[in-house]
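Colleague: If you read the protein sequences in the order shown, they are chains E and V. Each residue of the first sequence is one higher than the last, beginning at 1 in our numbering. Each residue of the second sequence is one higher than the last, beginning at 1 in our numbering.
A couple of the hints might just be wrong.
[What the hints assert, rightly or not] Quick list of in silico lysine to aspartate or glutamate cross-link-like pairs, EDC-like style, CA-CA up to 20 Å:
hint, chain 1, residue 1, chain 2, residue 2
1, V, Lys80, E, Glu193
2, E, Lys252, V, Glu7
3, E, Lys18, V, Glu132
[As the list claims (entries may be wrong)] Cβ pair distances, simulated, as ranges:
hint, chain 1, residue 1, chain 2, residue 2, range
4, E, Phe30, V, Ser136, 16 to 26 Å
5, V, Gly141, E, Phe44, 51 to 61 Å
6, E, Arg258, V, Asn70, 36 to 46 Å
Worth flagging that the hints you see were computed from the coordinates, not collected in a lab. For each residue, glycine too, the CB sits at the ideal point set by N, CA and C.
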Amino acid sequence: MKLYKIAALLYYDILVFKNSRWKIVEFVYFPVTTILIWGLFSLFVKDMAVEAGLVVLVVNIFWNFAYIAQSSVNMQMNDDTWSGSLKQILITGITEFEYLTARVVFAILMSAAIMTIMLGISLYMFNVTLIVTHASEVLTLSALTLFASLALAVLLAAMIIAAGREYSFLAWSALQAFILLSAPFYPVSIFPEPVQAVSRLMPFTSIFEATRSLVSTGSVSSAVLTEGFLITVAYAVFSLLAYKIVFHRARKTGGLVRLT
Amino acid sequence: MSIVEVENVSKKFKSGKKDFFALKDVSFDIKKGEIFGLLGPNGAGKSTLLNILIGILFPDSGNVKIFGKNPLKNNDLFEKMNFVSGETRFHWALKVKDILEFHGRLYGIPKNKRITETKKLAKFFEIEHILENKFSNISTGEKMRLIMAKALLNNPKLLLLDEPTVGLDPDIAIKTRNEIKRINKKLGTTIILTSHYMHEIEQLCDRIAFINKGVIVDIGSVDSVKLRKFASYDLTIKVRSVKNREFLRRKGFLINGNILRKELPADENISETLSMLAEKGMEIIEIESRKPTLEDYFVKMLGDKK
Numbered sequence: 001m002k003l004y005k006i007a008a009l010l011y012y013d014i015l016v017f018k019n020s021r022w023k024i025v026e027f028v029y030f031p032v033t034t035i036l037i038w039g040l041f042s043l044f045v046k047d048m049a050v051e052a053g054l055v056v057l058v059v060n061i062f063w064n065f066a067y068i069a070q071s072s073v074n075m076q077m078n079d080d081t082w083s084g085s086l087k088q089i090l091i092t093g094i095t096e097f098e099y100l101t102a103r104v105v106f107a108i109l110m111s112a113a114i115m116t117i118m119l120g121i122s123l124y125m126f127n128v129t130l131i132v133t134h135a136s137e138v139l140t141l142s143a144l145t146l147f148a149s150l151a152l153a154v155l156l157a158a159m160i161i162a163a164g165r166e167y168s169f170l171a172w173s174a175l176q177a178f179i180l181l182s183a184p185f186y187p188v189s190i191f192p193e194p195v196q197a198v199s200r201l202m203p204f205t206s207i208f209e210a211t212r213s214l215v216s217t218g219s220v221s222s223a224v225l226t227e228g229f230l231i232t233v234a235y236a237v238f239s240l241l242a243y244k245i246v247f248h249r250a251r252k253t254g255g256l257v258r259l260t
Numbered sequence: 001m002s003i004v005e006v007e008n009v010s011k012k013f014k015s016g017k018k019d020f021f022a023l024k025d026v027s028f029d030i031k032k033g034e035i036f037g038l039l040g041p042n043g044a045g046k047s048t049l050l051n052i053l054i055g056i057l058f059p060d061s062g063n064v065k066i067f068g069k070n071p072l073k074n075n076d077l078f079e080k081m082n083f084v085s086g087e088t089r090f091h092w093a094l095k096v097k098d099i100l101e102f103h104g105r106l107y108g109i110p111k112n113k114r115i116t117e118t119k120k121l122a123k124f125f126e127i128e129h130i131l132e133n134k135f136s137n138i139s140t141g142e143k144m145r146l147i148m149a150k151a152l153l154n155n156p157k158l159l160l161l162d163e164p165t166v167g168l169d170p171d172i173a174i175k176t177r178n179e180i181k182r183i184n185k186k187l188g189t190t191i192i193l194t195s196h197y198m199h200e201i202e203q204l205c206d207r208i209a210f211i212n213k214g215v216i217v218d219i220g221s222v223d224s225v226k227l228r229k230f231a232s233y234d235l236t237i238k239v240r241s242v243k244n245r246e247f248l249r250r251k252g253f254l255i256n257g258n259i260l261r262k263e264l265p266a267d268e269n270i271s272e273t274l275s276m277l278a279e280k281g282m283e284i285i286e287i288e289s290r291k292p293t294l295e296d297y298f299v300k301m302l303g304d305k306k
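With the rest of the complex left out, here is chain E (with noise of 0.2 Å):
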């Protein structure tokens, strides 16, 4: 691995970053937003159901937070190759892991200034003390959200790869399905017993599962926090393996050709 090449590219995210405006709108105006809405919501019902109130809005920090993650790797790799400067990237001899690198470098960077703000948010504004409180168990929620997410970016990098650049959608959307599945709001148990199965197979279902423990018992089971970790190594080694294995077929094929 070549670290100048990972520095360039992320100088590079950081100057696209800071020059498209609508970046700035996609990644910290729908996040804040959507905090503010939940956040509202939860004094809204804290007299009705404060439990209620406090798992949407928690649910709801973590699955931006997964958001911003999973999608400035994989929209940071649509812009390359929308701009049509992937070629002049993948000319220098930047290996796929240099550039995949840099891109979750990026993303590392940018979701853990979003989580703060909205971290800040929902402890300032809407008094969730449990983010101080315990902070170790929110700290091991976000850094297991983090790695699921990055595991996640590059499965569906190595799709967008695949399936070509009219599949680039799947940056931005192919997260909410991952998320219904994973049961944000509500337990595995409410699905019909095969969707179950799937269920428990997804990289979120274990956090949200132990975030919902948080918020009404203030306690994360070790055992769902292992199950998590260990079903996000699976699909980290799984998507690093199809994302190399796609790479190298895009150059066979000629898919690498059309995407640039």
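Start from chain E and add chain V according to the hints.
Modeller: Using the frame of chain E, we list chain V on its own:
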């Protein structure tokens, strides 16, 4: 020493249910310091070949060596190369100076060198005044000048130029051609060039390969490939008055009033013919010789293949 060696390279693509050869058993090599032209109609396989050379497409079979090494196993080789085409684009939101800075970093050029190279190239390609402009806000000609500046940023030992002067104003196109020639002569940069401007290929290239339907059908110096296709050229001479008509006819001249026409073998010197006319007492008023151009060659090659 060969900088580029292409040996029996083939590449097939699918078109509907059928496979077709984009390249079929293509072999050639390019010596250090050469300017090598790739000629051929649209869809001939030129872009496929360039994409293989820049590493974004793998051949199905055959070998490619650049600087004596397999580029697919030696990623570092790509840092000694650069590629631009008339279709090259950069991110619309980036400023011109940021594009150069970013690519400089991507090629691992040290900071001081990046700054001096950027200044030098911006001055040469007359883009100093647009350094603060975003890519989306500059004209087609300015984009092409930026693309050329980017191509030279890493002082490439091998430069692949796909239609490098398309969309440029004539004065900048001339400057660009001169610059291509200059870096080739001064730095010994090996250059592979494709262009639809035949005079550009003729002016710049030491050798050319004519490629059609994925096959190299002709290769050699510009003069030698033309010679193979055109064994003669037309000579038209206007004289004050025609003398010795029979002699002239025997020598192969067509006579029309005071105008003499003759087809000369490609390697025959025009001065011998003029001396002969002068000896026969004819005063020459005007001479027009039309040697075949590369454009004629291109048209003839396509005609032959149809």
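Colleague: Let me make sure I understand: some of the numbered hints might not hold for this structure. Which ones are they, in numerical order?
Modeller: Hints 1, 6 not satisfied by this model.
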